[in-house]
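Each chain, written out:
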Amino acid sequence: MFNQMQLDILKEIGNIGAGNASTALSQLLNKKIEMNVPMVRILSFDEMMELYGSADKKVASIFLQFSGDLTGNMFFVLSVEKASTFIQQLPGLDQCSFVLPPYSEMAISAFQELGNIVASSYLTALSEFLRLSIIPSVPAVSIDMFGAIITYGLIEISKVSDHAIVIDAEIKDPFSKDKNGFIKGHFLLLPDPDSFQKIFSSLGVNQ
Amino acid sequence: MIENGKTIKVGIADMKIAKAPDKLRTAGLGSCVGIILYDLHKKTAGMAHIMLPDSTLARGKTIHMAKYADTAVETLIRKLEEVGVRKVTLRAKIAGGAQMFQTASKSEIMRIGPRNVEAVKKQLEKYRIPIIAEDTGGSNGRTIEFNPENGVLTIRTVNLGIKEI
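From first to last, the protein sequence lines are chains G and Z. Sequence positions in the first sequence follow the UniProt record's numbering and run 1 to 207. Sequence positions in the second sequence follow the UniProt record's numbering and run 1 to 165.
Among the hints, a few may not be true.
Here are the in silico distance ranges between beta carbons for each label pair [unchecked claim]:
(1) G:Arg131 <-> Z:Gly5: 56 to 62 Å
(2) G:Asp46 <-> Z:Tyr127: 25 to 31 Å
(3) G:Ser133 <-> Z:Arg111: 54 to 60 Å
(4) Z:Gly5 <-> G:Ile135: 47 to 53 Å
(5) G:Asp8 <-> Z:Pro21: 47 to 53 Å
Residues of chain Z placed beyond 12 Å of chain G at every Cβ, according to the derived structure [unchecked claim]:
(6) Asp14
(7) Lys42
(8) Arg86
(9) Gly96
(10) Ile112
It is worth saying that the hints were derived from the structure and are not from the lab. The beta carbon of each residue, even a glycine, is placed where N, CA and C say it ideally should be.
Starting from the given sequences, assemble the full structure and let the hints guide the process.
What follows is the structure, encoded as structure tokens:
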């Protein structure tokens, strides 16, 4: 499907985007945030639904669509425990949690804002690197089943294919209380099928 | 009679047929819709997990039957007929079609859940299959399990608990 050079480019895109996003997150929380080398995954929809365990695993997620020269979807997915830990770093929200409903509106809106900042940092870095316009939508929040959330990123792809190409960058932090080893924090970038050629051409590589 | 049977997993854009004591299960329905067609006398059911309302949206070379509301309902009926269930005895239960993200965005994708539900209902009406129960819309993800023995559909959400329809 892709040659090694193209895979490396996609990985580098994840590196640049998520690198910038973790710097933004780090400044926002005033904590050290580290990032693992991003992975480019080519997955069936079932594998996508079960990327972090069962399809009905509860997660906290930010979702936005982007348009412009590049189109596609982006998710910032965290375990509910990790999302709670992040929110609790912010002033006045130290008692908030996403582990059990009901969730406070303040916490949801803080999480949305956090998502907004990190996702825009990701896409801004990408746009500058590729010299292509990327216009993000207002991000939306859902605290729900991973499978139910991630399908929004598969709708456009599903019209042409039964596989998704996802650039997955994991971030971690040293103040983790999340002992169960489930997801720490993941930036998932799902460009629409037509956008890959644009990414490669902008860097002078043909598909 | 105590007989446990097995639970058959239905993936996304997938469909399966089961006979009691086996059950059918699909996990993580968001905007997707789970369609169950069943015959209580024959204790046989089929479940599909559809993603999109209409196969005319397909831009690929081949059409994946279980992905679209129109082709999934048609194929499910045919598969049930193949195992000896007549179309006139079929009843339906449906679940899913949520709008997971509350936004002001009017994009087609954000509204895909309600459109899927609408499309499934239209197909069921076309084949004159009555909908006995439904749990659709809202903003919650669902995992559903159907028991062909008694026709009960169990729906689990992470935020609203479990219910049966």
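Hints versus structure:
1. Against the hinted window of 56 to 62 Å, the Cβ-Cβ separation of G:Arg131 and Z:Gly5 comes to about 58 Å, which satisfies the hint.
2. Checked against the given bound of 25 to 31 Å, the beta carbons of G:Asp46 and Z:Tyr127, roughly 27 Å apart, stay inside it.
3. The hinted window of 54 to 60 Å between G:Ser133 and Z:Arg111 is violated, with their beta carbons roughly 25 Å apart.
4. Range check, Z:Gly5 to G:Ile135: Cβ separation about 51 Å, and the 47 to 53 Å hint holds.
5. A hinted range of 47 to 53 Å holds for the C-beta pair G:Asp8 and Z:Pro21, which are about 52 Å apart.
6. The beta carbon of Z:Asp14 sits about 8 Å from the closest Cβ of chain G, which is not more than 12 Å, so the claim that it is off the interface is violated.
7. Non-interface status of Z:Lys42 relative to chain G is upheld: no Cβ of that chain comes within 12 Å, the nearest being about 29 Å off.
8. With a cut of 12 Å on Cβ distances, Z:Arg86 stays outside the contact zone with chain G, its closest approach being about 32 Å.
9. Non-interface call for Z:Gly96 relative to chain G: violated, since the shortest CB-CB distance, roughly 9 Å, does not exceed 12 Å.
10. Under the 12 Å C-beta cut-off, the non-interface status given to Z:Ile112 relative to chain G is violated; the minimum distance is some 6 Å.
Hints 3, 6, 9 and 10 from the earlier list are contradicted by this structure; the remaining hints agree with it.
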